[in-house]
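Chains as they are written, first to last, in the working numbering: chain A, -17 to 420; chain B, 334 to 830.
None of these hints come from the bench; they were simulated from the model.
Virtual Cβ for every residue (Gly too), placed ideally from N, Cα, C.
One thing to keep in mind: the hints can contain errors.
As the list claims (entries may be wrong) - Pulled from the structure, derived: some chain B residues nowhere near chain A, Cβ distances all over 12 Å:
(1) R350
(2) K397
(3) R553
(4) I582
(5) A628
(6) G670
(7) Q703
(8) G718
(9) G753
As the list claims (entries may be wrong) - The list that follows gives simulated cross-link-like pairs (lysine to aspartate or glutamate, EDC-like), each with its CA atoms no further than 16 Å apart:
(10) A:K204 with B:D443
(11) B:K392 with B:D573
(12) A:K395 with B:D443
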Amino acid sequence: MPNSTGSTSQSGTTSRFAIDGLHPGQVAAPETVEEATALLKEANAQNWSVVPFGSGSKQQVGNALKRYDIALSLERFDRILEFEPQDLVVKVQSGCRLAALQDCLAQHGLYLPIDPPWRDTATMGGIVSAHDSGPLRFAHGTVRDYLIGISLIQPDGAWTKFGSRVVKNVTGYDMCKLYTGAFGTLGVLLDFYFKLKPLPPFERTVVVKMKGFAEAAQAIAKLSISSLFPSAVEWLNPAAFEFVNRSLELTRGEPGYAVVVRFGDVENSVQWQVEQLEKLWNGLTAQGVIISDGREQSLVWQVLREDSPWLEGGSSNAKLKVNCLPSHLAATAQRLEAVGKVLNAQTRLKAHAGSGIIRAYFSFDASTSTAERFPQELANLRAALRAARGTAIAESVPASWKDGIDVWGYDFKDKALMQQIRQQYDPCRILNPGRFVV
Amino acid sequence: MSRPSPIAASLRDSVHRELASIVGHEWVLDAPDELIVYECDGLTLHPRMPDFVVFPTSKEDVVKIMGVSQRHNMPFLPRGAGTCLSGGAIAADGGIILEFSRMKRILDLDFDNRVATVEAGVVNLHLTQAAKKKNFYYAPDPSSQMVSTIGGNVAENSGGPHTLKYGVTTNHVVALEIVLPDSEVYDIGTAAGDFVGYDLVGVFVGSEGTFGTMTKATVRLLYSPPAVKTLLAVYDSVADATRTVSGIIARGIVPAALEMIDRNTIQAIEASVYATGIPKDAVAVLLIEVDGLEASIEPQMERVIEVIQANHAREIRIAKDDAERKKLWAARKNAFGAYGRISANYYTMDGVIPRSKLPEVLADIDALGQQYGLRMANVFHAGDGNLHPIILYDASQPGARDKVVALAGEILRRCVEVGGALSGEHGIGLEKREFMTLFFSPRELETMQQLKSVFNPQNLANPNKVFPMRRGCGEMPKGLLDGADQKYKEVDELVRF
């Protein structure tokens, strides 16, 4: 390893960088662009595989790595480089944690309106690379909609920049989009320009247990064609609602299908919308609670947003991210519950209802579950989703299962174009080999 | 008229025959008097006639037309209404223009999923009109929206006044059906949750027709805000107006639109049928719109008005009803047409700067105009920092055009210097391809060309656009740096090539 790659970790500290049980040969934490560039050049020349590494929160997502020579930690690229509150624009390095960024922005009444899981640990580079999102996507979209400039090191070591600090820009192709959601397979992302929004001055959260499955579906459908502008609309099945309720004690009695709605705007508008929501859902609800306390609201959204606590409890656990048409949400959820029954697994479902995205958490019990049927059930599910261009990603599965399934299961014709893009930019496949677009 | 096409008569005959066999004889144009309509788009500086214009009615037609292009190694480009302002819809290298006016069906208005699926030739405004029945609309609203097509909007990643709050085209497209130059059809993106793999829709939008042809788009529909308030603020100084813009943004208010109109534009509008009674001696006007729920409008308006008053507006006029609001917008959206009344010719530019640099850059542009002895007007998306300086000139005056081109180059350079970019919404096309080296390194240009080569490896789709042609990559366009006399000549060459 060249000396110019910054500090190289001592043996034994690679465990933090292990992915699916695989340890990197080396860990490098460059401090400057020059060091990072030199590292990539060397890696490309030597055909070492490189995994750009933030906090590691989403490193388990993806197919098994083929090779893992170097973990390229971006922990030293953790600064906010420019912040122009009057322009509503920030430039931040990829190793900066979302929480640190949001805290800084909040001091000026601004925020990056995304709320992916791992809020306290996830880095901006990881969030962009995984195109990760949370409940706020209903009103505000995803990080894709806020990324306006990017700098990255290409696999051969060239440092390139696209976009800029202006909020509207069609100078050349929209390369920011190419790197968003590319899971670190096209370059090592170093810094970003994001556009920002003002924090909502007033917020309310409404948690409603519905009378039943059909009523929950109806409630979502009514809301989606109404004149209300919620910032988030989350749907939960009874097992998921019970999980939320267990820590927060929002409603009493039997768990049921629930919908949680968040409003953020000026006070008048929020109050009016909460009243309207009650009218809109008249007859559909079993029990509801309006949360006005700020701390309590943020607890609810933390539980809904976060991921890891949902993945505990079984002897093994798996999580699917299911993409379907919003209008197919109820039917897809029913199908997932049926899958859970076949697998004899506890099945918690939470969904970004307006966006057609369901997270299914399966907890398996070693003695009673039939986890071995998971690959077949996944294949059936994918086949059913296919007609509407829906997909199911096995976002989290025990490492040992990855031999038997394709985590992404993406089998549409345009996959060939993606492979050609990969070939253009990383012909030696040194970045995250095997994990994503191969 | 542009130079006649150099292709041989025998080739012309066989291509004509093949195209006619696909769409019928009457839907293939190749006579010069028919083609002349297609020699330019909204950019009139670089006319070039295509060899053929063909009117497909389906994806299948497009696939077959791609076959003709392939067989004869003849370039092609898709074209909607031809309103592009950067030459994107000009056949820079001759060849075939695919005209999408026969593919204008709205295929599906899916309100449950808040999306619509349309053919490439659907006019932007028609989609909003169709969605209106359920109170939905399509948000991106370029000034050309009465005629421009979704296909063209997707190719150029069009903006518009309301993109300040709602984003540009790319924020509203979820899936596309595309036909690549090798005749292969791909569905990219999805209306079902998130895309998986690389964001092909994200890179296709804004690729200016250089990747291939889009035949179908699935776009988001938004629920129409129940309440809208529009106001005009009249100023005696440009600086006060720009300070108002910065003040509004800095206070964390995001209006739906925040447009600025300068003195020359006011005069042009007031002399036209779109006159709204703006005082003719006003130096600048801001057109500000806030929208949302009834309950959220008033507080927003109050804060906006506070900022306006603090910055010495001499008059604030609030539209009383929808008719008044429409009138204000008609004046804004038709400003470009109105310039014809005050100047023989005009050149509409597009540049973008950080919002906080508005006061300084507007002053610089003014000074540059005076230095070159050219009148300027400005009507632009102030809230986005997206400038549209208009250079007024008389093409019959000797040397006038040279000066216009040189001035335009200076303005673009200034935009880039302050951290801005070459284009906010009009695209690079032919117009600005030589300026790309101001913004990108050779390697960055190569990286973008690598992407293009995946979709369009033989460079048949809209060739000679976006990327610099004349000079070695990395060299600054000379004319922007040299002495004034040299400058006119060089930059003119750059743009005219």
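Tested hints:
The non-interface label for R350 of chain B is consistent with chain A: the shortest C-beta to C-beta separation is roughly 31 Å, beyond 12 Å. Residue-level check passed: K397 of chain B sits 19 Å from the nearest beta carbon of chain A, beyond 12 Å. At roughly 10 Å, the least C-beta separation between R553 of chain B and chain A is not larger than 12 Å, which violates its mark as non-interface. Listed as a non-interface residue, I582 of chain B fails to keep its Cβ farther than 12 Å from every Cβ of chain A; the least gap is roughly 6 Å.
For A628 of chain B, the condition that its CB be more than 12 Å from all CB atoms of chain A is violated, with the nearest at approximately 4 Å. Chain A leaves G670 of chain B outside its interface by the beta-carbon criterion, the shortest separation being 23 Å against a cut-off of 12 Å. For Q703 of chain B, the condition that its CB be more than 12 Å from all CB atoms of chain A holds, with the nearest at approximately 26 Å. Not every Cβ of chain A is farther than 12 Å from the Cβ of G718 of chain B; the closest lies at roughly 6 Å, contradicting the non-interface assignment.
A beta-carbon of chain A is positioned within 12 Å of the beta-carbon of G753 of chain B; the least distance is around 5 Å. For a cut-off of 16 Å, the pair hint linking K204 of chain A to D443 of chain B stands: about 14 Å separates their Cα positions. At roughly 52 Å between alpha-carbon atoms, K392 of chain B and D573 of chain B are farther apart than 16 Å, so this suggested pair is violated. A threshold of 16 Å between alpha carbons decides the hint, and for K395 of chain A with D443 of chain B the separation of about 25 Å lies outside it, so the pair is violated.
Hint violations for this structure: numbers 3, 4, 5, 8, 9, 11 and 12, all remaining hints satisfied.
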